[in-house]
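Residue numbers (the working numbering), protein chains in the order written: chain P, 1 to 304; chain B, 305 to 690.
The reader is advised that the hints may include incorrect statements.
Said to hold, decoys possible - From the derived model, a few chain P residues whose C-beta atoms are all more than 10 Å from chain B:
hint, residue
1, Ile67
2, Met95
3, Gly143
4, Ser151
5, His171
6, Lys196
7, Tyr220
8, Ile234
To be verified - In silico BS3-like cross-links for lysine-lysine, where the CA-CA straight-line distance does not exceed 27 Å:
hint, chain 1, residue 1, chain 2, residue 2
9, B, Lys600, P, Lys129
10, P, Lys129, B, Lys381
11, B, Lys492, B, Lys381
12, B, Lys370, B, Lys662
No lab work stands behind these hints, which were simulated from the structure alone.
Glycine is no exception: its CB is placed at the ideal position from the N, C-alpha and C atoms.
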Amino acid sequence: MAILFEYFFNGAVLGIMYALVAVGFTLFFGVLDVIKFSHGDVLTLGAFSGLVAFLALQLTGLDLPVIGLVIVLVAACIVTGLVGAAIGQFFVIPMRNSSAFNILLMTLMIGTAIREAIRLFYPTGANPKAFPALLPNSPVEIGGVFLRLDSLILLALGFAIVFLTHWLIRHTKLGLAIRAVAQDGDTAQVMGIPFKQTVLATFALGSMLAGIAGVMHGIYYSEINFGVGLLLGIIGFSAAVLGGLGSIWGAIIGGFAFAALQTIWVVLFPDASGYRDVFAFAAIIVAMTIFPTGIIAERYSERV
Amino acid sequence: MLLKAAVVGVALIASAVGAQAQSKETVKIAFIGPLSGGNSAAGVGGRNSAALAVNLRNDNPSSKYKYELVALDDECKPNVGIQVATRAATDRHIVAGVTHYCSAVAIAAVDVYHRFGMPAVVWGAILPAITYGNDYKEIHRVNGSMLDETAVATDFLTKQGYKKWVIVHDTTDYGNGLLKFFQEKIAKTDGQIIGTFGVGADQQDFSAELLKIKEAKPQIVVFAGLTPLGVRVRSQMERLGVNIQFAGVSGIMSTSYLEALGPTAEATIAFHNGAPAETLPGGKKFVDDYQKAAFKDPAEPYGPYAYVAADLIMSAIEKVGPDRKKVLDVLNATKGYPSIAGPITFDDHRNNSVASTKYVAQDGRWVRWEDSEYASGKRQIKIAKD
Chain P
1 MAILFEYFFN GAVLGIMYAL VAVGFTLFFG VLDVIKFSHG DVLTLGAFSG
51 LVAFLALQLT GLDLPVIGLV IVLVAACIVT GLVGAAIGQF FVIPMRNSSA
101 FNILLMTLMI GTAIREAIRL FYPTGANPKA FPALLPNSPV EIGGVFLRLD
151 SLILLALGFA IVFLTHWLIR HTKLGLAIRA VAQDGDTAQV MGIPFKQTVL
201 ATFALGSMLA GIAGVMHGIY YSEINFGVGL LLGIIGFSAA VLGGLGSIWG
251 AIIGGFAFAA LQTIWVVLFP DASGYRDVFA FAAIIVAMTI FPTGIIAERY
301 SERV
Chain B
305 MLLKAAVVGV ALIASAVGAQ AQSKETVKIA FIGPLSGGNS AAGVGGRNSA
355 ALAVNLRNDN PSSKYKYELV ALDDECKPNV GIQVATRAAT DRHIVAGVTH
405 YCSAVAIAAV DVYHRFGMPA VVWGAILPAI TYGNDYKEIH RVNGSMLDET
455 AVATDFLTKQ GYKKWVIVHD TTDYGNGLLK FFQEKIAKTD GQIIGTFGVG
505 ADQQDFSAEL LKIKEAKPQI VVFAGLTPLG VRVRSQMERL GVNIQFAGVS
555 GIMSTSYLEA LGPTAEATIA FHNGAPAETL PGGKKFVDDY QKAAFKDPAE
605 PYGPYAYVAA DLIMSAIEKV GPDRKKVLDV LNATKGYPSI AGPITFDDHR
655 NNSVASTKYV AQDGRWVRWE DSEYASGKRQ IKIAKD
């Protein structure tokens with residue numbers, strides 16, 4: 001029984017990281033109908049900026065427990081937010097009337113450029129980098145269940161970010177503008193909503209989520225490398241499509257579903273554990289044929 | 305990256321050679337190994353060691369040629385490995401190569417060397433099929449194979465009381481090969497493998513696999529893969545509270561494993577075809593020369609074999625001149641060649657067998673088991689419980 005809970009808990013940590021990436025995809029698709037494939041590499045960029053911020057703190061002797069984490073997260077958010085907005089401003093918005101295929105290809109190339117830039121310009125960037133333990137990692141044992149405090153905090157942090165995003169979209173003026181643009185960009189503009197600013201804010205917001213996911217990923221695995229974003233981006237995108245592109249809760253469900261599929265496969269077929277991603281992606285393909293518009297289908301839900 | 309690595313390699317030699325030996329004919333030999341990526345510590349150590357052999361040979365006034373080492377980066381990726389192998393093999397100025405640390409790369413590249421008739425001496429890859437899976441006269445190996453390694457590992461671990469094993473292996477030729485030999489070897493003992501987990505070479509998360517292992521309650525987790533993956537598996541064992549003894553193959557035995565894990569690495573057991581450089585027959589000279597050359601990075605356990613491979617090739621060239629065919633014949637006939645790692649003798653598949661050494665991580669260093677505080681009883685590895 002205890003072990004079952006451990007599967008559940010560690011699957012959930014994985015799921016929340018996938019979900020944060022998936023929410024980004026959903027936001028971009030929601031406001032502008034675009035698929036931004038550089039998202040995974042923006043995540044890597046976030047993780048690396050967090051690492052640089054930490055190293056800078058260490059140099060100045062300011063690597064204090066809580067402040068360290070906050071500064072690392074803020075640094076990751078600033079960099080990814082700016083890069084996300086810049087991609088929107090200079091590449092996606094000017095191209096928004098061309099075919100979706102062009103934008104997809106272009107963002108794919110931007111992602112590759114970011115990834116290669118990290119590999120080439122970060123000192124020995126091709127090697128995995130140890131990520132600092134920014135959270136207390138003392139073990140917690142409750143009724144035979146073994147957890148670590150930092151895993152717990154990361155899960156809580158992930159959920160807090162998801163709820164904060166939801167609140168931002170539902171209960172703030174910015175959220176109202178995002179939802180309006182998502183429903184009908186032209187009409188929203190006629191109603192006096194600044195279209196471009198809203199789109200850029202959405203791009204910044206989605207990319208910040210990736211930055212946070214990148215830092216969480218680094219803390220959880222105590223390591224980052226220039227290629228982490230590649231698979232995470234694809235998983236996040238699949239999760240968003242599974243949940244229904246354009247729906248935040250769909251993306252979250254998709255993220256958890258993907259983590260669950262991976263975990264369940266290994267639990268059921270430990271001898272074939274190498275096939276877990278094959279299984280998970282195959283299951284997503286099957287699910288897509290059953291729910292072509294995602295689990296939370298667009299016609300039943302408002303976008304974003 | 306490739307170009308940069310090559311330039312660094314050439315520069316290393318050029319600086320040492322200086323103006324001396326201008327009149328001698330220049331002969332190029334290739335070094336191929338992972339100079340970037342997660343296994344680059346081993347690759348750079350090998351590159352430095354091969355460069356050391358070349359420098360010493362060039363400093364020797366009686367050598368007939370001026371040698372130049374062309375260092376190429378295979379990134380431990382088979383597709384990249386084939387590209388650089390082709391580049392070396394098609395360059396007629398390169399007489400022979402000191403080739404490959406990663407088995408998955410070496411096995412992919414043997415066909416290239418065979419097709420272009422370039423003699424290659426493997427310095428770090430241990431998959432038996434590299435030499436035994438074909439009858440290519442071009443392929444030689446000085447560092448032994450995983451047959452040597454798995455034999456010593458199985459024997460040692462079962463004798464330490466670890467009878468119930470779980471094997472985590474990567475799904476490349478390297479990990480799959482090791483799994484196969486472990487399965488064969490353990491069948492002859494009273495031990496058993498109660499679970500095997502194949503994992504992707506780039507996999508990040510092992511929580512499901514490790515929790516399954518926790519449930520299965522083995523006495524030991526044996527890891528058959530390379531350092532980056534080994535680091536992740538070991539550190540996630542700690543995160544998930546899988547409190548079981550951990551052992552690995554030579555693939556994890558690098559300084560980057562110790563650096564990345566810090567205190568978590570303590571008491572990891574590993575097996576390696578390379579003995580500590582100091583304990584090798586010519587080890588003291590190697591260690592001293594390596595120190596004198598002031599390389600920035602350590603030689604790593606397979607460094608001496610890269611040195612031996614380069615030395616063997618240059619001796620052959622000295623004997624018959626820079627001709628691939630003639631060099632090949634000399635290398636093929638190697639018997640009892642005196643090297644710093646002991647006499648090198650190639651069998652009918654041009655493989656040199658070695659005796660594997662047992663190691664344990666102690667205070668951030670790999671220590672020979674016999675010399676460790678674990679063997680003397682001062683410290684304890686995790687006890688095998690039923």
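Report the numbers of all earlier hints that the structure fails to satisfy, in ascending order. 4, 7, 11 and 12
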